[in-house]
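Letter 45 of the sequence shown, counting from 1, is numbered 45 in the numbering used here, and no numbers are missing.
None of these hints come from the bench; they were simulated from the model.
Cβ atoms here follow ideal geometry from the backbone N, Cα and C, with glycine treated the same way.
Don't take every hint at face value.
Each computed EDC-like pair below joins lysine to aspartate or glutamate, with the alpha-carbon atoms no more than 20 Å apart [said to hold, decoys possible]:
{"no.": "1", "residue 1": "K54", "residue 2": "E122"}
{"no.": "2", "residue 1": "K272", "residue 2": "D218"}
{"no.": "3", "residue 1": "K268", "residue 2": "E213"}
{"no.": "4", "residue 1": "K268", "residue 2": "D218"}
{"no.": "5", "residue 1": "K417", "residue 2": "E361"}
{"no.": "6", "residue 1": "K272", "residue 2": "D220"}
{"no.": "7", "residue 1": "K43", "residue 2": "D91"}
{"no.": "8", "residue 1": "K272", "residue 2": "D224"}
{"no.": "9", "residue 1": "K54", "residue 2": "D91"}
{"no.": "10", "residue 1": "K406", "residue 2": "E365"}
{"no.": "11", "residue 1": "K268", "residue 2": "D225"}
{"no.": "12", "residue 1": "K406", "residue 2": "E213"}
Across the chosen pairs, the derived CB separations fall in these ranges [as the list claims (entries may be wrong)]:
{"no.": "13", "residue 1": "D306", "residue 2": "S120", "range": "55 to 65 Å"}
{"no.": "14", "residue 1": "N34", "residue 2": "E370", "range": "37 to 47 Å"}
{"no.": "15", "residue 1": "Q295", "residue 2": "F134", "range": "48 to 58 Å"}
{"no.": "16", "residue 1": "R39", "residue 2": "S120", "range": "47 to 57 Å"}
{"no.": "17", "residue 1": "R273", "residue 2": "T384", "range": "18 to 28 Å"}
{"no.": "18", "residue 1": "N34", "residue 2": "T288", "range": "22 to 32 Å"}
{"no.": "19", "residue 1": "R137", "residue 2": "R360", "range": "55 to 65 Å"}
{"no.": "20", "residue 1": "L67", "residue 2": "L157", "range": "16 to 26 Å"}
{"no.": "21", "residue 1": "F89", "residue 2": "F134", "range": "14 to 24 Å"}
{"no.": "22", "residue 1": "R231", "residue 2": "K406", "range": "47 to 57 Å"}
{"no.": "23", "residue 1": "Y280", "residue 2": "R360", "range": "27 to 37 Å"}
{"no.": "24", "residue 1": "R231", "residue 2": "S269", "range": "32 to 42 Å"}
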Amino acid sequence: MNDIHLGVLIAVLVILILVSAFFSSSETALISLNRYRLRHLAKRGHGGAVRAQKLLEQPDRLIGLILLGNNFANILASSIATVIGLRVFGDSGIAIATGIMTFALLIFAEVAPKTAAAISPERIAWPAAYFYTFVMRFMSPLIKLINLLANGLLFILGFNTRASNIQGLSTAELQTIVRESSHHLPEQNQSLLLSVLELEQAQVEDIMIPRAEIFGIDIDAPWDDVLSHLRTAPYSRIPVFHGSVEHTVGIINVRRLFAHLMDNSLTKSQLKRLLREPYYVPEGTPLTTQLLNFQTQNRRSALVVDEYGDVLGMVTLEDILEEIVGDFTTDPESDVDGIAPQEDGSFFLRGNVPIREINRELAIELPTQEASTLNGLIIEQLETLPMVGATVELDGVQIEVLSVRKRSVEMARLTFKMESGTP
1 MNDIHLGVLI AVLVILILVS AFFSSSETAL ISLNRYRLRH LAKRGHGGAV RAQKLLEQPD
61 RLIGLILLGN NFANILASSI ATVIGLRVFG DSGIAIATGI MTFALLIFAE VAPKTAAAIS
121 PERIAWPAAY FYTFVMRFMS PLIKLINLLA NGLLFILGFN TRASNIQGLS TAELQTIVRE
181 SSHHLPEQNQ SLLLSVLELE QAQVEDIMIP RAEIFGIDID APWDDVLSHL RTAPYSRIPV
241 FHGSVEHTVG IINVRRLFAH LMDNSLTKSQ LKRLLREPYY VPEGTPLTTQ LLNFQTQNRR
301 SALVVDEYGD VLGMVTLEDI LEEIVGDFTT DPESDVDGIA PQEDGSFFLR GNVPIREINR
361 ELAIELPTQE ASTLNGLIIE QLETLPMVGA TVELDGVQIE VLSVRKRSVE MARLTFKMES
421 GTP
């Protein structure tokens with residue numbers, strides 16, 4: 001090497017630093033690629049993405065190739081720098097060359113290229129993927145030997161190198177991704193996706209119509225009353241029962257009765273023939289599961305029962321869809337005063353308002369594990385039947401019972417504690 005011209009050595013040194021920069025930047029770029037965007041581009045036939053995906057399927061081989069090239073370039077560059085230092089500065093040139101090379105490799109071959117790769121990984125990853133795919137064909141035996149030795153050492157140290165490193169995303173992680181994609185997603189689409197992800201956290205009893213509020217037809221009532229209820233029914237599908245909803249005999253689609261109701265020709269036997277067998281679902285069924293059940297069963301409503309078979313309430317397809325897209329129908333029986341803001345900053349709440357709706361409207365987090373309505377939450381906290389004036393204090397809020405009807409909370413006042421602020 002002493003016979004090589006000094007200018008040639010300096011040129012080779014610069015080239016080796018650039019080669020080292022390429023290996024360092026490409027490593028960071030390939031590792032920093034968004035895996036979901038990578039799969040999307042690969043499915044669309046993007047050449048760089050296809051090759052990068054194949055390389056990343058065997059990360060140990062890819063890293064082995066990159067480190068082999070990077071270390072070779074760095075070691076050779078250091079050797080050439082030492083020769084140059086000795087020629088220019090004599091014996092003290094070794095120390096000078098070491099200091100200069102440390103600084104040069106750190107700035108030009110590590111920090112700068114890796115930072116650039118982290119900022120724009122695709123600009124570097126796609127060309128690098130072509131290069132590594134080509135080189136891997138020739139270097140594969142050597143890379144396999146290096147990986148065999150390295151994996152053997154890791155096995156001795158207790159690491160399982162054959163374990164799959166493919167990890168799925170949890171619901172919470174998916175929600176974080178959707179929220180952080182606000183610059184790419186319209187607000188309405190973002191809200192829709194978050195609602196779908198939150199759907200599996202809710203169960204049918206969280207959104208069901210409580211048993212006491214189910215609108216149905218008692219077929220044992222006077223026939224004129226039955227006809228009157230059918231003509232004024234606020235829903236298209238309603239349960240028909242003997243005495244109470246516990247003895248439901250079927251579900252009737254009121255639209256099928258229009259012609260008979262118009263000419264007053266409907267008879268009890270005709271009504272019974274048009275009934276559809278009631279559909280029951282157990283409490284605790286996740287809304288995602290129930291949505292699929294409605295689809296497979298070709299149903300739009302179901303009666304929710306507990307472990308003893310007692311009817312707890314009624315859930316409809318519309319209720320589940322409104323959990324996703326929000327209110328899209330006008331419910332004639334909807335409680336517009338269910339959540340009423342007051343001038344003093346408090347809120348009047350009806351006892352039958354679902355806790356999920358309160359949390360959504362007031363941006364708070366009342367517990368929903370044991371109760372689905374405000375009345376159930378208050379009874380759970382009091383551990384006794386509610387009385388006027390009874391108060392419940394939860395994290396950041398105070399709830400006072402204002403009125404009671406039939407041993408249930410009819411109206412309550414929610415007040416935010418001073419130290420917790422307002423929503």
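Structure-based check of each hint:
Only pairs whose Cα atoms come within 20 Å are accepted, and K54 paired with E122 is accepted, the gap being roughly 15 Å. Only pairs whose Cα atoms come within 20 Å are accepted, and K272 paired with D218 is accepted, the gap being roughly 12 Å. This hinted pair does not check out: K268 and E213 have alpha carbons roughly 24 Å apart, beyond 20 Å. Note on K268 and D218: the hinted pairing holds, with a Cα-Cα distance of about 11 Å set against a maximum of 20 Å.
With a CA separation close to 18 Å, the supplied pair K417 and E361 stays within the 20 Å bound. Restraint check for K272 and D220: the C-alpha separation of about 12 Å stays at or below 20 Å, so the hint holds. With a CA separation close to 59 Å, the supplied pair K43 and D91 exceeds the 20 Å bound. Distance hint between K272 and D224 is fulfilled; the C-alpha atoms sit about 16 Å from each other, no more than 20 Å.
Annotation: proposed proximity of K54 to D91 is violated, straight-line Cα distance about 49 Å (limit 20 Å). Among the hinted pairs, K406 with E365 is inconsistent with the structure: their alpha-carbon atoms are about 28 Å apart, more than 20 Å. Taking the CA atoms of K268 and D225, the gap is near 12 Å; set against the 20 Å cutoff, the hint holds. Simply put, K406 and E213 have alpha-carbon atoms about 13 Å apart, close enough for the 20 Å limit, and the pair holds.
In this structure the supplied range 55 to 65 Å holds for D306 paired with S120, their Cβ-Cβ distance being about 58 Å. For the hinted restraint 37 to 47 Å between N34 and E370, the CB-CB distance of approximately 40 Å keeps it satisfied. Between Q295 and F134, the C-beta spacing of about 50 Å keeps the proposed range 48 to 58 Å intact. Distance hint check for R39 and S120: the Cβ-Cβ separation is about 20 Å, which falls outside the suggested range of 47 to 57 Å.
For the pair R273 and T384, the beta carbons lie near 48 Å from each other, so the given range of 18 to 28 Å is not met. Our hint of 22 to 32 Å for N34 and T288 holds, since their Cβ atoms are close to 27 Å apart. At about 57 Å, the CB distance of R137 to R360 agrees with the hint of 55 to 65 Å. Judged by the Cβ atoms, the range 16 to 26 Å given for L67 and L157 holds: they are separated by roughly 18 Å.
Judged by the Cβ atoms, the range 14 to 24 Å given for F89 and F134 is violated: they are separated by roughly 40 Å. For R231 paired with K406, a C-beta distance near 28 Å fails the hint of 47 to 57 Å. About 28 Å separates the C-beta atoms of Y280 and R360, a value consistent with the hinted range of 27 to 37 Å. Distance hint check for R231 and S269: the Cβ-Cβ separation is about 19 Å, which falls outside the suggested range of 32 to 42 Å.
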